[in-house]
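Q: Go by the hints and put chain B onto chain A.
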Amino acid sequence: MEVALEDNSLMDKVLPPDEQEIDVELEAKEKKYLRGEGANLETLKDKKLKTQLASREKLYGKSAKAAAKIEKWLLPASAGYLETDGLEKTWRVKQTDIAKEVDILSSRNQYDIVLPDFGPYKLDFTASGRHMLAGGRKGHLALVDMMSMNLIKEIQVRETVRDVAFLHNDQFFAAAQKKYSYIYARDGTELHCLKERGPVARLRFLKNHFLLASVNKIGQLHYQDVTYGDMVASIRTGKGRTDVMEVNPYNGVVALGHSGGTVTMWKPTSQAPLVQMQCHPGPVSSLAFHPNGHLMATSGKERKLKIWDLRKFEEVLGDSSGDYSRYMSHSMVKGYQIEKVMFRPYEDVLGIGHSMGWSSVLIPGSGEPNFDSWVANPFETTKQRREKEVHLLLDKLPPETIMLDPSKIGAMRPSRRKERLTRGEIEAEKEVAVEAAKGVELKKKTKGRNKPSKRTKKKKELVENAKRTFPEQENSAAGKKRRIGEDAAAELPACLKRFARKN
Amino acid sequence: MGGLKRKSSSSAKALAKSKKKKGPHLPNSILKVIANQKRPLNSDEEDDDDVIGSDDEHGGDLYEYEEGVPEEESRKNNRYDRHDNYDYELPEDFEDENVESEDDDDGGNSDNDEAEGDDDDDDDRHTRMLQSLTGMPSAAFEGESKSKPVLFTEAYPEGEFNPTRDVLEGKNVLTEEDFLAPLEGTPGYQKTSKQIARMRKDTKHVVHAPLPKPQRERLERKAVIGLVDEEFSKWVHLVKKNREAPTVYFNQDVDLGYSTVGAIASEFQPRTEFEKKMASVLNDSEVSMEDHIKDHNHIAKMRSLLFRHEFKSKRIKKIKSKTYHRLKNKDLKNSSLGALMDPEMAKEEAMRQEAKRVEERMTLKHRNTGKWAKRMISRGLNVKYDGPKAAIAEQLQMNANLSRKMNSMRDGSSSDESDDEEEFNDGSDEDTPSRLIAKAKEKTLKALEDDEVPNAGLMSLPFMARAMKKKNEEANEEAKRALEEYEEWENSGGENSKKTVNVSGRRVFGATAKVEAPKESRKDSDNFYDDSDSDNDMAGIEDNNIEPVRDNASPARNTITEAEKFDDDVAGNPASKTTFDVAMFASGSWKKMTGSKNTESKKAPKKTRAPIPQAQDKKGPRDEESGDSESEAEQMVDGVLTSASKETFEVPSQAELINRAFAGDDVLDEFEKDKEEVLNQEVPKPEKPVLVPGWGDWTNIQKKRGISKQMVQKHEAEKKEWEQGLKTRKDARLKHVIISEKVDKKAEKLHTTTLPFPFTSKEVFEHSMRMPIGPEFNPSTIVGELNRPEVVKKTGVIIKPVKFEEVNPNDEVDDEHPRNHQKQRPKKKTSRRQGKVKSK
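Protein chains in written order, with this note's numbering: chain A, 1 to 503; chain B, 1 to 840.
Next comes chain B alone, as it looks inside the complex:
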């Protein structure tokens, strides 16, 4: 029995390599079959030797078939009729010590069918063994295999003339190798074996039966999938990169060929004879390109000038007006051009001019002495309307022009001006100061005399009239003062210096001012606050000349600082009429307000020129004192005006303050009550379940069972919810705060109800929203990047399918280098494109 020890795993190997067979002999036909089943379809052309060789590798796949217990015997179920087992049964735990269990040898593989032949041998031996042990016929032990539905019993012992069942079935047929094996080592062996091999080659073309279709297709698919996977996996990184890129660029420059004429011309090659001739002429000629261009330009210019001239002359020719042509001719004749050309003509011209001048000076033609002009002036229409005014001015101008002496160095522009002035001043020849003063005086008197009130229209309204009257009064006053001044001037004579003017102008009028001012201001202040509505209509007129409220009695007056005193004369002067000089003279920093003074000076009676110097000299001292007053203003920072204010405030004492603070001590309680109220409103307290008489009982006699459990439970739940609601409020822990949690329906549209698509969590979405991306909030270098669209594309660019390119999977997606998805241009171009992107 020990000799039966087999190593099925190495049996085939043993057969092929060494002829020392220890295990059962496997006929070659079986091996072939096994080999055929193992190898893939397309390996038909392989050698049998190879097949066997390959078998070696799969040696582990061969095993013996382990026959199970027949189903009839196992009695697993009663599917089969019961039959007596009359064999001797080995106890279940019987174990033959010498026989190695077949399980031990199993390589753990399961292709049992393949080892069928081997198995048969084993079975034979096994039955024989059992036979010898028990003396029972071997048939009793013959197991029935599924593959062999027919049961053969061997009547005879195996021998030369009694072939085995394998032989009968044509399975275990002897082959050439079987015969050759014993010959190995003998002299002609090699030769014969070669011959046999050659023979086999002839018989090699064995077409195996094709595999069933589904199986075949499965195999095909498997093979194809592998290939496709390999092909596709190359693209994965590329696609991933594109997917993850924040922006995909398709903005490559498209080369449309030549863009300029020059570029086309530079490529030009002369081909025809004519072209060649031209080329040779062009290249050989001594005319340089510059000269040519110059010539060309010149010609072009001339041509265009000619063209224009022609055009112009055509247009002029078209004009049919005779007057035009006449005037034109005249112009041509009279033009200074002509005079310049011809000295004779110039002389003539000069003569004519002179004659004209004489004529002009003789006649009154352009002096507005005509009927129309007189009428205009007499009615004052020349002042009122622009048209007549302009016409009259034009006449005067003409007069001036004509009466001007020609080509004389003696009377320059200054004398001209004086002439003009004369005209405007209605002809006064001297302008000595005394004369001027006299004139001014006269005018002032005239102005004083004529204060007529129009009795119709807007001005006739009572309040307007009042206002006018007031204005007139003021004007009169001013005029009077002016008159006095003139007198003084006249007395002192022309040599009176400005110095006196500066000082005296103010000193003299100070007295009258002080008399006037309080009266007026009192009147104003009465109106100010009491009946503002009734006075509103006045406001429009009087707004501009409100007098400073400045009672002599007011305490503010008494405590005026030096600065104020310095200014007092000015401020108190009613003539100074400054608008809004509420108290601006009180502090030096208001000196910059002189702008308003100018408007004031305009308002002074128009015809008098006298007030102007007054205004000017008023400015003078102010400028002088400005430095002073500023320093004084600084002094006031520290509060020189200690007792200045009218209202005196009593600073309440500490005790008083504390009293006041805790006067409403129940403020806190009140707040708590308020809070409770608000809470009740926003988180309503659940109502307590109550028994309603007549509900929940049949009769009134019946004893009430109280509130039902269900209601109580419900109430409990509600109460819990309520408490929860109170607890989750923001102001739950803040005693002193009520935060309303009412939902603002109008503001609801400012929120999203659902998360936008790719987001799945609220937090991430809200965090992504936190940064504004607009140009107001980001540096301009980043704004473009922040707002770049997903795809950047020029119009007209054809988007080509993605081309394969090697992508390093470890590279990060970087927006800094915009990748180009259409790489068909050399790199120069791409760099240019990038430059453009940068500048964007």
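One chain only, chain A, in its complex shape:
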């Protein structure tokens, strides 16, 4: 405690300009860790609560500061970047150019694996980016250790494979095959056959909830808990067959892209979509989410890419304008049918699964530079993996926690009744009405009745009438308050009446 105090006193001192700069930098990071602003405590009447909350806030501030410092000083790696000088454009930079600049270890991440026989490949990475699963359309499943580039297991299932997905770690993976989907262990043994889902088109695993979500050929969305095998939800989307499915990593909401150009978002506890968005005039070809869950990118068959702000459900910017512009480009050989693109976690690597195997290209800055071994550890030992598994299971979230805004969990239940208009809104409406009343053109009346005085009087009347329809807010609020107080007093027994709050 004393040490901490000394620190504080040090911080209070006037710092040299360099450190002040660092301070500014730290402040920005601190803000991130504060997760929003504290409540306005001035409004509180309860002094005890006020001081308690104030001390809490102080602790939060301290925590954020410590976290910011840790991020600043202790996180070793910084994100990659691509810098060009002068008129050069970043998207003109080719992979070969990058290969010259980067270190050997990174340049090893540029390669093509040519597997021409088993058709377009689907890819999936584990959360740590250590392992990759490749599923060829024609039944070739391969599990690769990306660190050593060793093939761990390779099997030929002799069926169409439509999608592959890792479960919570590299020990298990699921494959959507011709008729059913299957779960395999790391060594290629088939563990389960998931018959209930029917012929599955896309598979995704929700790792916080341990749910295996899939959409099948007839547009049914299934959620299955992989810990105890129950089908948590099966939902008929009613939008027809879809091949586009993605999970929002922030809240676990599953988004489907449909042929009508709509994107629908789903959770297992409701049969109706949470959100439906009309994103494209034609079919949606693919979807992607930002890791923080606020942004969604969609692309349509009409060759348009759109980015959506999911807090407002508005389009941020179309393609190649403003903040979002082309960053890099990579041309594949003509005729390669690209099946899947996926960034490798914690690496500046993009995996491309295509009809002739898969390729890996470098995209500087695409990966998170520092991994958190509590979240995902690429250098995990067996023991750590086992422990992690147990922890993951203990921290498993129930399916009902999937909602659009999970930060609302623990907050007050939203009132069922429709909320009344806020005062500001009413004021605004009132203003509009008054303006409308003022703008009314009066008829020209006969001589004598058309005096200016009379006209102004008439106008005033109109305005008054317009105002009258909106009741005075203050009065009603005060009346309500008094009534509440009275009610409380009336309800109380006689002996307690004197303690009723007086207004």
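In case anyone wonders, no lab produced these hints; they're calculated from the structure. It is possible that some hints are incorrect.
Pairs of lysine-lysine residues, derived as DSS-like cross-links and limited to a Cα-Cα distance of at most 30 Å, are as follows [what the hints assert, rightly or not]:
| # | chain 1 | residue 1 | chain 2 | residue 2 |
| --- | --- | --- | --- | --- |
| 1 | B | Lys762 | A | Lys48 |
| 2 | B | Lys794 | A | Lys408 |
| 3 | A | Lys430 | A | Lys447 |
| 4 | B | Lys720 | A | Lys312 |
| 5 | B | Lys742 | B | Lys762 |
Output of the computed footprint for chain A on chain B, the stretches with three or more beta carbons under 8 Å from beta carbons of chain A [to be verified]:
| # | region |
| --- | --- |
| 6 | 350-360 |
| 7 | 742-754 |
| 8 | 757-764 |
| 9 | 779-792 |
Glycine included, each C-beta is placed from N, C-alpha and C at the ideal position.
A: Relative to the frame of chain A, chain B by itself:
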């Protein structure tokens, strides 16, 4: 009249200090009474002088009584009988210019009763004045005061023999001062005044009548409250601080006295004679502490050894088995220890060993030539089961041990090994290469000959049989190849270098491979996708040795790069049997897959050892080419395989794309319809009121009045609400979005219905919830602080009542310095405690 100008406020002062009296003379008795009433109860012992002095301060409190108009006269109500007022009435607004109104003089005080006597005087004068003015009898003007229910009329003018009413009532009695006053300044005055003072002291003990009880108690309470408040307000800051502290600490170390024996011993003082003697011996003895400790340790060690030995011998003694004892004795005799001890014995021992060796070499005792061993070997049980295998191996081992020459430097471990090998190899003496090759050849031939198919059990199943057959075929092939190789080896002789082996091994077999491979692969590829279900049972066996699908006709084949060509021989070689080598040889980066090769080599026919070198030499060239192929792989990044793919995709033209994009142009309309539907579902539109025939009218002839006003109004209200509902939706302004506002009942349990206790506003509560406090989200330095309980207490600590301590009210409550609430220890201890908290 001007002389009557009075200053009642200063009258008492004037009386006490200077004897120039301008105002009415107040008798001392009155002053005393006033003083008594003013001063508090417990001030009895005060001097009268003081009283008067104190009166001075309260001079402003004295006023004249202002008599109101009698109630009968004021006629406010008719409570009193009407009587004629026959006085001359002054007009209401009459104002005597010379007489100062009494109001002017009032200090604004209200204790009228006190000034009663004074008042009487005034009244007298006033009545007299009125009398003289009007000629009416004074009785007419005499006001009736409430305090004097009896009305005295003075029949005579005041004089020596006609005492005033005050005197009669015993109020305005003359006192010593009155008499003394004129004497002031005369020679004996001081003396007399002193005497009088002394006299008064005697008569001082006047006990005043106690105040009424409620009044007294009120005064008491007032006094007490003041004191208590003062006492309590000292604690306010302390209590406030405790209340506001996020954590209260009671975790002080409790000193339980001495904790170690040493601490107790250090305090020891010899008291008795014996103790003193001991102390002197201990202190004076030349034996140092270290030596003593050493001795002690040694003794302890010996003792424990002795004890153990005893224990052991006891245990052994207990064993009754004769065999054990016999063996034990024998052991003791034969032990090398004994041999070492005695050279004679050693010699003897050596002799015995030698004899044993000779015997062993002579007999076939340990060579598995026994009936049992023969049987085991002949039935192959020694391979199948671990037990016999181990037993046979043990025998062999024993044989080896016994037949080994003792103590000879000549045959080292290597020769031993060769011996062993000989044994395992069923006794072959030479190991020249030619011999080896011949042996290998022989074995291969043998392996070729015996391919029997078991006709019972699992292996007899048709598909298993098929698989077996296939395997055998492969094995045979390999064996044949091996044979050829041997032949070549034999021809070329022992000096044939490895170089030829490396190259030739592959070149020779390439041709046969190319003939074989396509056939098989075609068969496989037929099965792959068409009837996967029927083929599933095969999968279990065949999974491991799927042949690469590699038709000569396939376009991929034609466009193989140099790398592939380089590898072609290897890949096409059916002997190489690599599992899953789907196309891994196509790219150099798959070279790391050699692990699977090893498994493959194991699968080769067991008895033949020949394939191993082949596998090895296969590895050789691969290693050589690995550098090459990697560079080639890099070339492929830029797409050397341009026309490689089987399927050629036609990139649709721009126009076509746009056509496709706007094929379903009514998509937007559809979405709008959808939205309307959803909105109707979630915020149902109110139904329009309709007239139902037969309802609301008496006859059908009667003219219908239309929908009732009430219904219309209701509908209007509903409609308004509906509109409101639509407006407040989140997606009200977003044309392209439908946000469901259905309440998820399952998720409702994740929210609170009521605000938890101290909170009164939702916003504040939700803001306070925004920060997670768990260890996953916070630096470990803060987690403890964030999750500290309200009270930190060690078990067993007695919580004492709060002790008073000075608290600076301006200090902020700081969790950084955990305050100690039980300060009874010196500061050293507290600092230690804090250290502990820190490390926590």
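Q: Each hint should be assessed against the structure and marked as holding or not.
A: Verification of the hints:
| no. | hint | result |
| --- | --- | --- |
| 1 | Lys762(B) <-> Lys48(A) | holds, 17 Å |
| 2 | Lys794(B) <-> Lys408(A) | violated, 37 Å |
| 3 | Lys430(A) <-> Lys447(A) | violated, 34 Å |
| 4 | Lys720(B) <-> Lys312(A) | holds, 26 Å |
| 5 | Lys742(B) <-> Lys762(B) | holds, 22 Å |
| 6 | 350-360 | violated (count 0) |
| 7 | 742-754 | holds (count 11) |
| 8 | 757-764 | holds (count 7) |
| 9 | 779-792 | holds (count 5) |
Comparing the model with each earlier hint shows violations of hints 2, 3 and 6; every other hint is respected.
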